[in-house]
Structures are given as C-alpha cells and as structure tokens.
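**Q** Below, each chain spelled out in residue letters.
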Amino acid sequence: MRLEILCLALFLPMAVAAQPASDVIDDILDNHILPGFEALAAETGDLAAAARSDCDPSSEALRAAYGDAFDAWIRVSHLRFGPAETDNRSFALAFWPDTRGATPRSLSDLVRAQDPVIETAESYATVSVAARGFYALEFLLYDPEIQALEPAAYRCALIRAASADAHESARAILTDWQETHAGLMRNAGGNDTYQSRDEALRTLFGALSEGLEFTADLRLGRPMGTFERPRPRQAEAWRSGRSLRHVQMSLISQADLARRLAASRPEIRDRLDRAFQHAITRAEALDDPVFAGVETPAGRLRVEVLQQAVRDAGGVLRAELGPALGIAAGFNALDGD
Amino acid sequence: MKRLLLTGTALVAGLATGAQAQDASDVVSHYADMAQAKYTDALITAERLQDAVAALVAEPSAQNMTAARAAWIAARVPYQQTEVYRFGNAIVDDWEGRVNAWPLDEGLIDYVDGAYGGPTDENEFAALNVVANASFTLSGTDVDAAEITPALLQDTLHEADGVEANVATGYHAVEFLLWGQDLNGHGPGAGDRPWTDYAAGDACTGGNCDRRAAYLTAATDLLVSDLEWMAAQWAEGGAAREELLDDPQSGLATMLTGMGSLSYGELAGERMRLGLMLNDPEEEHDCFSDNTHNSHFYNGIGMQNVYLGEYVRVDGTLVAGPSLSDLAAAVDPELDREMRTRLSDTLMALGRIKTAAESGFAYDQMLERGDEAGEALIMGGVNGLIAQTESIERLVAALDLDQIAFEGSDSLDNPSAVFE
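Just so you know, the sequences run in chain order A and B. Taking the working numbering, the leading residue of the first sequence gets 1, the next gets one more, and so forth. Taking the working numbering, the leading residue of the second sequence gets 1001, the next gets one more, and so forth.
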C-alpha cells in the first residue's frame, strides 16, 4: 500500500511531463473557453437587439434569437467557475433547477406590482436571480399563465430588461476572462488563484466532471424521478421544447473539453472520446424532446440508458484521466444536499 | 523547472508517507473522539429540550413556551458543530435527513397562514395539516393518524410521496411547532406562535391543541432517540468509528471531504448564497426562530474544530488532541498557516452576521432586495467559505489524498443537487 503510493508519486510527474500542462491550458483557453464566451456575448447581444425591436413573445425573430443565445449558454454551462462565479453571474444567466417555483412567483410579483425596479439596468441587477436570465425569459416567452398577466406593456419591458441584463452578464464574464482570468490560468503557479499548474488543471477537470454530473443527475435525473413517480414537468426548459437539445449540446461541448484535457494521453483520450460519442449517439437517437416518455416504462428505460451512458463517460474521466494527470475533482456546487 | 520541483515535492511526500500513516491513525482516532463528544452534547441538550417540552405540554404557559424555545436554541449549538461530520461519513449522511431536514412545507404538519397556499405541483401534501386531521389518504393509502406517534412521523409522514419538503421530523419540525410561521417577511421579528396553541379546553387556539402537543412530544422523543443512536455509532466499537480506523488514510480524506462539502456546496451555496440570490426570507436555515446566524456560525466553529482538533463541550471542558493541522504543518507549514488563517477569516465573517443579527438586524432582513449591508455581510461569509475550500483542496493534494478522496467519498461519488 505504502509502496504503491511511493511508486505513484514517483511516476506521475514524469507521465504528466510528456506534454507541458501549459500547452493544454493554452489550447483549452484559446479553443474552448474564450470562443465559447465570445459566442455567448455576441448571441446575447443579438437577443437584446431583437427584444428592443420586437418584444412580442410570439415574435419569431425574438424566439430565434432567444434560442441561439440559450444554445450559446448551454455550450459553456459547465464553465461556472471564476468569472462566471463572480457576482453570481452564472446564476443570473441560468437559475435552474427551480425546485420551489421561484421563477414564476417572482415574475408574477414583478408584473402585478408593475415594479419600477426593471427601469434601469443597475436596479434590475438587484432582482432575484429567479426573475433573470434564460429560464425567466422562457416563462415570459412560452408560458401561457405568465403571458396572461397584465399589463402587457410591463411584460414587454421586462423581456427587454431581462435580455439586456443577460447580455450585460455575458459581457462581464467575457471581459473578465479576456482581461484577467485567462492570464491567471496561463501563468498558473505565479499567482494566488492558481498556485500551481495542477490547480488550474484541477479546476478544468472539476468543471468537466461537475458538468457531466449536472447532465446525468439534473437534466436527466429530475424528469426521471423515481420509477413509481416519474416527473416529466421537472425537465429542463420543457416549455420551449429544449430539454433533450440541452443534453445533446452540453455533451458535445464537454466532449470537446475532454479531448483537449486528455491531449497528452492519446489512449485515454480515445477511450474517453468513445464514451462521450456513445452518450451523444444515444442522445441523438432519443426521439423524446422534452422527456415526456418517462411516464411509460419503456420510455423511462431509454432515458435511463442515456443517463448511464453519461455516467459512464464521467467514470472514464475520473477513473482514468484523473489518476493519469495526478488530479481529482475538488469540491463542487453539487456537493451538499 | 516546474516539473522538477513537482517531482521533488512528490518524492518527499512519498517518503514521508510512513510517518504520516502512523500519525494519521491518531488524528482520525481523535476526530472520532470529538464526534462522540459532539453527538453526546447534542443528545444532552436534546434531552433538556425534551424536559422543557414535557413541562410545556403538562402546564402550558407563556413561561414554559419561552423555556422550550430557549432549550431548542441551546440544543442547536452542539448539533450545528456536528454537521462537519456529515459529508464523507456515509453513516451520518444517510441518517441526517431525519434530524435536520430543511426546507420544509410546514403545512404538512399544522395550520398555516392563507398566503402559504395549498398543494403545489411539486408537493400534493404541502397543506395536509396532520394536527387537524386524524385520517387522510396518502399516495392512495388510507392513513389512521388518530394517535400521533414517533412511528407515524418517521415511517409514514416523513418524505411522504417521495417529496423531500415533506419534513415531519427533526429540529425544524420542532422549531415550527414552537415558533410557528415567521409572517414578517423581510421585516423584524420571528415566528410568533401563541402558547395557547398548547392550552387545554376553551383556551386552546389554532384548534386541536392536544394533537399539536402529541406531535411536538413525538417529534422531540424521536430527535432524542435518533441522537442517542448516532452518539453510539461514535463510541468505542461503534460503526462510524470502526470504519474510519480501518483505513486512517482514507479517514483523513473523509475529514477533509466533510469540511469541503459543508463549506462550499452546502453552506456557501445552498444555505447562504441561494437565499441572497433569491431575496427570499423563507430561504434561511432556521426560518421560524430567526436563529440562522447561529446555525451558520456554529457550522463554521465545527469546521475549525476538525482542523485544529479542539472542541469545547457544553459543560465547558476542552477536548483536544492530534489534528489535521499537525499533519499539514509537518508537510507544508505555509499551507497550514493559510488554512488556519482562512478558517479564522470565515469565523470573523460569520461572527459579523451573528453580531448584526443579535443586535436586531435579523438574517431574513439581510436577504432583502437591494439591502447592500446585508448582502455584504452574507457575501463576506460566502467568500470566506469559498476561500477556505480552495485551501482544503490544496490540503487534499499536499497530503496525497487525491485519489483516496475521490474513491472514498460518498458525497463526491454520489452528489445530489445543491438545490434539492
């Protein structure tokens, strides 16, 4: 046991040295993180513009811009650390799951009171995260009960405020990445945020691992509920018909991060990639856009098989890539109950 | 250069493993001793609460109601210090939902204000009101609740219909029965249940005072027996202690997992930042009694206990022994200093929340939209907890527990969501 640890300790650094961690980190920054947040800033900018020109919830242009911006978020939704964590920006963009119905409740409260808090960007930024971001906009654009609330002019102003606010959050995240955080990661070891390159790698590894857990346990696990009590209405973004799409898009984006993270270990990279491709293929074959099928045993089984495929990818990640890089996922927001 | 340095560190850590393994068992054994002391203290103070509840039920009065509330507040002090044992120790985590489940749809238990609403999409039984109903149907089964017993609470009502918000047992159920709903929103004031909710005959308010008293008694009895069980798990030969001592290296990982998961996902995330982000006065851990500032503070003290190996018992005795800090100082004195500093910084920040709350600025007031002072206080705590989590992760790596931490930790392997 003790001898094993000694051997492991001697062996690991040499294994990692095959490719300097800095190359891996540069590659992930330049080809995964920065382009992802650039796209999010651009797409939310288009969304804010679309809402300014037409705030009718049924406007096709508005809904299309909303869909594109939401897509851009899902592609980076596993990167919740650093600039996305600062000032609760990721929550302001994406507060879900909402187990206590805070989003419809806060939106109704705002509309009923015609709360002037939405009039300026600064004051709207103090509003509950449940009434901000993509999931609040989904209610405003797709939920019949919220759309029945009067006055319509206030709802229109709220859609504009939420869209502009999402763009503001996305811009703030991007600016932080460009001006500060990318530099901290590149120079890991020379600053207090990342005291070593291993710490930067551990952060990326942890984000990927947490992202897979989020997909398996929440995006898929919530609608599955229990066998006796499936809960399709707890699926993510079912009102806009995006539940399965989010699983597909997040897996594709996370597969990209996994490939880059495993670049120094081609064999593990290929095994990891096969595990991801298996899950992606399953997701693409599943003809059940909002997981309504979980109510039948056969339909639930298909979702469960997909969930297992996602967990298998996480298993390869933690059992093979983690030890090979000499790191393990740290603590994440999904710890706790 | 960097590579070389890493190889050197790893070599030293590898060679040091022999000495560390010996110390590890001492540290883990003391950790179990502290757990035994803490759960025993939680039991002692719960028994005092049980006595106070018995007095209230036997002789309902404003004075006895106040005494029972004071006993509840005191009972929380040792219990909150045990929470650092929860994550990582599967035996605690599996049991914890019975004693400290939160948040709850309190309408399951007793009457609520009209604004509470009725059944919800998430919970059909959110307004069941067991105190007022001697029989009802639950998930298709007829339930005879004529007699309110610990068994009814634990086996039938708790997490009824598979919904976690159906909390029928534990500290927060008792808290609701002693304080009632806090209807002050973001304004000052806690729950204000009148003592006459337990009065006999015509003096009874809220209806069914005898059933309410039976519920309170059953829930308190259950709390005592649950704590008795947990204290026994940490005694000599107890299952929780044995499991740790079987593999001390893995035991060290468990200790740090408990600290890290409580710091980050649970306290900084679910219990603090979420409430602030939602500006919801119900999103506070002890929402009926307005005791949240203490619950957070003693969570912080509990984490420091584990690191320093020091715990002050409810009778004032100091339990002290070999600590994680000793191990860390031997491997990386700078990191040990960082860890101690950050734990103290967190306590200072949580202490500020406590200070403000005790001088009249309650935790639910701090959560109000646009309240900058409240936000700064709470975010001070959150930031302290996030910073200490980083140091805990560094410790896991410095003590070479990375892979063990991953393999051995239940809460890392099977996390359930922060919002659930």
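Hints in this document: simulated from the structure, not taken from any laboratory. The structure displayed is predicted, hence computed values, not measured ones. Some hints could be false.
[Stated by the list, open to error] Sample of chain B residues lacking proximity to chain A, with all beta carbon distances greater than 10 Å (derived): (1) 1070; (2) 1073; (3) 1137; (4) 1162; (5) 1236; (6) 1329.
[Stated by the list, open to error] FRET-style restraints, in silico, Cβ to Cβ: (7) B:1194 to A:193: 51 to 57 Å; (8) A:175 to B:1358: 54 to 60 Å; (9) B:1113 to A:187: 52 to 58 Å; (10) B:1140 to A:301: 45 to 51 Å; (11) B:1186 to A:101: 50 to 56 Å; (12) B:1058 to A:315: 53 to 59 Å; (13) B:1186 to A:187: 31 to 37 Å; (14) A:178 to B:1070: 52 to 58 Å; (15) B:1315 to A:171: 54 to 60 Å; (16) B:1149 to A:121: 24 to 30 Å; (17) A:270 to B:1186: 52 to 58 Å; (18) A:145 to B:1061: 31 to 37 Å.
Glycine included, C-beta positions come from ideal geometry on N, C-alpha and C.
**Q** Going through the numbered hints above, which ones does this structure break? Give me the numbers in ascending order.
**A** The structure conflicts with hints 4, 8, 10, 11, 13, 16, 18, although it agrees with all the remaining ones.
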